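Those protein sequence lines, which keep their order, are chains H, U, Z and L. The numbering used here runs 164 ahead of the 1-based position in the first sequence. The numbering used here runs 212 ahead of the 1-based position in the second sequence. The numbering used here runs 16 ahead of the 1-based position in the third sequence. The numbering used here runs 1 ahead of the 1-based position in the fourth sequence.
Take these hints with a grain of salt, some might be off.
A few chain L positions that, by computed beta-carbon distances, are all more than 12 Å from chain Z [claimed, not checked]:
(1) Ala62
(2) Gly640
(3) Arg643
To give a feel for the contact side, a few chain L residues facing chain Z, derived at Cβ under 7 Å [what the hints assert, rightly or not]:
(4) Ile647
(5) Gly648
(6) Leu652
(7) Val653
Everything labelled a hint here was simulated from the structure, so no lab data went into it. Since we're looking at a predicted model, the values are computed, not measured. Where is the CB? At the ideal position from N, CA and C, for every residue including glycine.
Listed below, chain by chain, are the residues.
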Amino acid sequence: MSLSPLQLCLLFSSALFCVGLVGALSRSNTILVLLGVELMLNAANLNFIAFWRFSPSPSPATGVMFVIFSIAVAAAEAAVGLALVIAIYRHQKNIRLQEANRLKG
Amino acid sequence: MNNLPLLSLIIFTPWIGAALLAFLRGASVSVTRTLALAFSLAPLALGLVAAAAFDPARTAPQFVENHLWISALNVHYRLGLDGLSLVLVLLTGIVTPAALLAAWRQEHCPRMFGALFLLLQGAALGVFLALDFFHWFVFWELSLVPAFFLIKLWGGASGRGDAPATRAAYQFVIYTIGGSAFMLVGFAALFVATGTLDFHQLAQHGADGALAAKLGASGVRWVFLGVLLGLAVKVPLWPFHTWLPPAYAEAPTSGSMFLTGVMSKMGVYGFLRILWPIFPAQLHAAAPCLIWLAVAGVVLGAYAALRQTDLKRLVAYSSINHLSYCLLALFAVAYATGRNGLHGEAATAALSGAILQMFNHGLSAAALFYCVGVLESRAGGKRGIGDFGGVRTAAPLFAGLCGISLFSSLGLPGLNGFVGEFLIFRGVFGLHGAAATVACLGLLATAIFLLTFWQKVFHGPLGPNVGGALRPDSSSATDPSGHQAPPTPNGFADLNAIELAPLLPLVVLMFVLGVYPQLLAGLINPLVTSWAGHLVLP
Amino acid sequence: MILPLVIIALLTIAVAAIAMTLRNLIHSALLLIGSWAGIAAFYFWAGAEFAAFAQVLVYVGAVSMVVLFAVLLTRRSRADLEVAPDAIGRGLGAMLAGGAVLGVLFGAVFATRLDVAPTAAPTASVRAIGQQLMGAHAASLLVVGVILTVALLGAVVIASTDREGGKEDAR
Amino acid sequence: MSLPVQYVWLIPLLPLLAAGIGAVTPRGGVKIASAAAIGAMVLGFFLSCGALATALAHPAAHATANFAWFDLGAGTLRLGWVLDPIAAFMLVMVTFVGALIFIFSTGYMHEDERAKQFFCFLSLFASAMLGVVIANSLLLLFICWELVGLASYLLIGFWFHKPEAAAAAKKAFITTRIGDLGLLLGMLWLYDSTGSLLFYDGGHGVLEPTAVANLNAQLVFGGLALSTVIGLLIFCGAVGKSGQFPLHVWLPDAMEGPTPVSALIHAATMVAAGVFLMARVYPLLTPDALKVIAFTGAITALMGALIAVAQNDIKRILAFSTVSQLGYMMLAIGVGSWVAAIFHLLTHAFFKALLFLGAGSVIHAAHHEQDIRSLGGLRGPMKVTFATFAIGMMALAGVPFLFSGFWSKEAILHAAHGWEVSHLPFYMGLTAVVLTAFYMTRLMAETFFGKARTHASEHAHESPASMTIPLVILAVCAVALSLLAWPSPWLQHILDPKAHAEGGGAGLMVLSIVLVAIGIGSGWAIYGRTTREKATSADPLAARVPGVIAFLGARMKFDELYAATVFQLNAALATAADLLDRYVWDAAVRLLAQIGIFAGLVNRETDEDGLNGGFDATSESLRDTGKAYSRAQTGDAHGYLRTVAIGFVLLVLIVMLGGRR
């Protein structure tokens with residue numbers, strides 16, 4: 165079977181996404197969980213670029229736009245997330261995610 | 213100059229001041245008072261600018277501002293100034309600073325007091341300048357809010373609000389809103405029928421009978437009654453006046469000054485600006501009855517005042533009496549509308565008189581309330597008619613100025629009150645002689661109760677709250693000659709400069725307008741003449 | 017044309033996978049930076065130079081620094097950097113879930129016919145992007161700006177919770 | 002020197018300025034205030050003489066100067082001044098007498114610390130009075146008329162710390178205002194039917210033939226001519242101001258003012274305003290109206306004289322004598338001889354001023370003793386006062402030939418005799434002549450003859466020159482004014498040249514001389530021959546007819562009558578108005594409020610039982626559901642993420658497999 169470049173790109177992003185997902189699911193360190201989430205986000209961004217690059221009639225720069233906004237939002241998310249990590253650390257003197265369950269129902 | 217939204221400036225300058233005051237949390241008391249006074253004087257200054265540029269010969273509104281506001285409801289932000297509005301704008305401009313000056317010593321949160329007052333002033337000015345029912349009504353209702361708080365929070369004997377003040381405030385607001393609710397419904401009906409809320413267009417519909425054609429005769433009658441009720445409560449027309457004495461009595465002095473000086477005029481203004489032009493035929497039909505209600509207000513208001521022992525209630529009843537003259541004039545004109553004969557001159561006189569009376573009553577009633585306020589503050593909250601005596605001995609300057617205000621209110625020639633009352637009587641006599649004759653009784657009763665006030669408070673030996681107990685051996689009351697010097701008072705000080713400041717301008721204006729009424733008459737005469745020239749029924 | 021893509025992809029995935037399994041936090045973070053650089057390279061390959069630069073600036077430059085700071089701020093001793101081995105069960109669960117997702121995604125990719133003829137790379141000049149940003153997407157740009165501001169402020173507020181309240185909460 | 006009508010307004014303006022100066026001078030500035038007041042009056046007197054010269058040059062003309070006050074309708078409301086002989090004579094009289102009063106006051110009031118206010122009020126009064134005289138518009142006249150009322154209110158209540166003074170001031174103001182309401186209505190009616198209030202306006206004025214004929218032609222209720230009704234309404238104002246029956250009650254009380262200056266103001270000048278008003282509007286008065294005026298005047302003349310007989314206060318005697326004399330003047334107008342009325346007005350002003358100032362001098366000397374029973378024997382110490390007072394008394398009593406009062410009273414009686422309608426007023430007037438002579442003799446005898454009966458009168462001494470000189474001047478005038486009527490009826494010719502002077506009144510003259518002689522003789526017989534021994538000893542007349550004297554002494558119980566009727570009615574009306582407010586309207590409002598509250602209550606019950614019940618149940622179940630769901634919140638972030646991942650896989654599978662099928 166022959167893969168088009170687009171499919172290759174999609175496979176790439178899927179793989180990256182799953183790496184991020186596995187990381188986020190398996191690690192207990194909150195920072196690593198966050199980094200996994202970041203990886204998933206980046207994987208999504210890959211798709212935007214890929215579809216922009218290979219779409220039949222690429223409208224001007226829409227995919228790039230998405231990516232730029234997405235990066236910006238991801239940066240914000242990273243900042244808030246890491247701040248939360250620090251806050252959690254202050255509270256419980258470690259950053260183990262499974263112990264941060266005080267909001268459970 | 214031409215592009216300047218002068219009228220909007222007049223309305224909104226006080227509101228800007230109110231906002232400023234509301235946010236100036238840390239400002240010192242003297243700064244807030246000065247700011248409030250300065251902003252309250254601004255409409256007067258702007259009003260004088262408008263008066264200077266005003267062309268009395270043109271009867272249409274001037275300085276018109278017209279912007280589409282809410283297109284879905286065909287609501288326009290429309291302002292305009294004619295002679296009637298101008299007179300009332302000037303009155304508001306004069307009375308508000310005087311009221312603020314009257315509250316100069318008021319220590320209970322002067323910042324919010326000033327802010328509420330400026331809010332009140334702006335709303336009143338808005339009522340006098342709006343030409344579209346929508347924002348007219350907004351201003352009309354908005355004026356109630358600060359008035360409510362002024363009565364509730366600063367009213368009562370303590371000046372900080374108490375149970376009777378709260379009750380009076382609620383009664384005032386609920387009564388008035390109850391009245392305006394009917395008016396609002398009436399105007400909603402008008403809007404549905406005509407698709408406009410513009411006073412001028414509505415008046416045209418009313419004049420050419422289109423209104424009756426659209427709403428049906430009984431529909432128009434109901435709408436008319438609703439609007440009438442709203443306005444009658446505000447003025448107030450007898451017998452819708454029972455909210456007034458407690459509200460005026462419990463309000464703080466400056467609040468009473470404003471209530472009687474400006475807010476009561478809003479009702480009369482509504483009658484002249486809305487009810488009469490839009491519903492000429494209905495008013496004409498109702499006039500035979502309304503005239504006698506106005507006469508009842510004149511006569512019974514004065515007689516009820518005769519029985520009051522609380523000085524503020526007494527002055528409040530005199531307000532009912534005086535405002536009923538304005539309504540009497542209008543109703544008499546409406547009564548005679550559409551008849552033949554020599555009614556034009558009488559109608560002109562009656563309407564001119566009504567407008568002059570509005571202005572003059574604003575001056576003299578505000579001054580009287582202020583005088584009662586001074587008495588009250590001197591006597592530590594007491595204001596019974598029997599709580600004083602011999603004040604003229606203790607405070608001759610105060611007595612003199614208060615006396616002038618009293619005689620102005622009484623309609624003494626040479627002071628402002630006379631011209632308006634004379635013109636009203638001249639007009640009403642020509643239009644409805646019997647009503648004028650009966651109303652004369654009111655003149656007599658007014659004289660009696662005002663002179664009783666004057667005699668009991670200012671004359672006679674020094675009273676309990678004036679100079680303390682008399683030295684029994686040298687009481688001049690028992691001295692047959694009366695030649696000896698009156699006992700020296702100790703405790704009732706005469707006015708100082710700050711207390712003089714609100715009263716003196718009012719008194720000076722009483723003299724000026726009494727001798728030279730042309731100042732006002734020149735502004736309104738062409739307008740009134742054109743009104744009187746169109747007294748036809750559809 | 018395909019070859020660089022494959023190389024970039026394999027490298028990126030490998031780096032990321034190693035980062036996710038390492039036990040030293042700092043090493044993980046540094047490897048992830050490499051992975052982000054790989055993604056930037058992919059953008060470059062795809063012709064989205066602007067996005068590539070943004071990726072480098074934001075992730076490789078800024079986020080990585082924040083991560084490192086967070087790592088350094090949340091350790092008490094050198095030993096803390098060594099993350100304790102995680103529970104086997106959770107690791108297995110994660111592998112299962114990840115595998116399932118991978119399978120589904122791959123299946124979807126393979127099952128979908130995306131036989132698009134390779135075309136010339138579209139160009140997205142910086143000028144065009146700038147015009148887009150300031151023209152059609154001006155509102156989004158504003159919103160993103162607001163989000164960033166709020167996020168930064170929020171981050172500062174969250175991270176600087178005072179010690180007293182923190183202790184009380186921790187109890 | 003002559004003063005054209007265009008400048009005649011200067012005459013009232015001068016005292017007005019003086020009043021302004023008096024108002025703004027500081028408390029101690031009596032000298033400034035009094036100098037300004039006297040200066041204004043003296044200057045005004047000279048100007049008035051100039052005005053008189055102008056008027057006498059054309060006695061039949063009514064020179065006017067009208068001006069616009071303010072815009073009204075298509076035109077303007079106009080006011081104006083008029084200068085004709087009647088106004089000019091009044092101007093001269095008021096300024097002359099006024100100046101003398103002012104001078105007298107400087108002596109009389111020098112102890113009072115509020116004297117400068119007194120001069121301020123006096124000037125205001127003079128200004129208003131002069132305004133009344135020269136007004137060419139009923140409206141302007143009314144304005145000044147009310148200001149006269151204000152000034153009199155202030156003067157009567159000058160010693161306001163005395164409750165009686167304050168009450169008297171109020172009474173005067175209210176009583177005259179009752180009359181003024183009539184005047185106001187008359188004015189309104191006149192304005193409404195003629196469209197003007199100017200007296201003379203080049204053929205358009207209300208007193209000019211066109212308007213009068215028009216008014217006479219209109220008939221209102223009862224077939225009365227409109228002019229009759231208007232005339233009578235205007236007369237109401239005159240009744241109030243001039244103390245005519247039945248509104249005379251305020252005048253005696255007005256003597257509470259500073260003795261006797263304000264009393265003099267009221268007696269000699271202000272009350273004359275009413276007579277002047279009727280003389281001014283005489284062209285409007287129809288025979289019907291004149292009948293009413295004549296009878297009112299006659300009743301007042303007789304009643305005033307009767308009451309005066311039984312009074313003991315020197316000022317009250319003079320006050321009631323004033324009421325009586327004013328009745329004469331009204332009688333004269335009523336019987337059609339307004340010239341006689343004005344003549345009597347002028348002479349009366351002088352001799353009554355003389356009498357009041359004399360009384361003031363007596364009271365001043367006797368340390369404010371006003372009861373004639375406590376005086377006595379003042380002839381010795383107060384020679385000037387006695388002599389001048391005697392001249393005044395004889396002028397008032399109508400002692401023949403030498404005294405002006407005789408001639409003016411003679412003119413009135415002559416006119417009354419010639420009245421065709423009825424002779425009753427004439428006989429009442431004759432009776433009043435006897436009574437006048439009688440009570441004046443009594444006053445003289447009790448005050449100046451006999452011996453001093455109290456400490457106060459024993460130590461009496463002559464008043465200072467500032468008080469006696471005006472007395473002398475007035476006494477001279479009281480005599481000299483005879484020249485207006487004798488040897489030739491000059492005033493008659495000037496004022497009303499058309500009326501022919503009737504001769505042949507010799508019989509009438511003899512009759513009145515006899516009557517005066519009877520009055521003086523009987524007075525002397527009762528009071529003068531045997532003078533009173535003690536202040537407390539009984540009055541000889543009261544001993545004989547006690548009931549009548551008591552009734553008259555209580556002023557015929559008019560005050561009691563009014564207290565029982567008018568005041569009660571007024572109070573009842575006030576109570577009714579108050580009760581109506583308190584219990585009817587307020588109750589209605591409260592009822593409405595209660596209905597509102599009741600509706601609210603009903604509404605609340607419905608809400609709580611119906612709507613709220615359903616709402617509560619829904620809320621409860623929602624809360625339970627929430628609790629159940631919250632148990633799923635384990636706090637395990639990994640778990641959440643895992644669930645999401647598995648959920649995603651399931652979803653995709655469903656979509657894909659579903660899509661295949």
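To see whether the hints hold, each was checked on the structure:
1. Ala62: Given that every Cβ of chain Z is farther than 12 Å from that of Ala62 (chain L), nearest at about 92 Å, it holds.
2. Gly640: Its Cβ does come within 12 Å of chain Z, the nearest being 9 Å, so this is violated.
3. Arg643: Violated: least Cβ distance 5 Å, not greater than 12 Å.
4. Ile647: Where the cut-off is 7 Å and the nearest Cβ of chain Z is about 6 Å from Ile647 (chain L), the hint holds.
5. Gly648: violated, 10 Å
6. Leu652: With Cβ-Cβ at 9 Å, over 7 Å, it is violated.
7. Val653: holds, 5 Å
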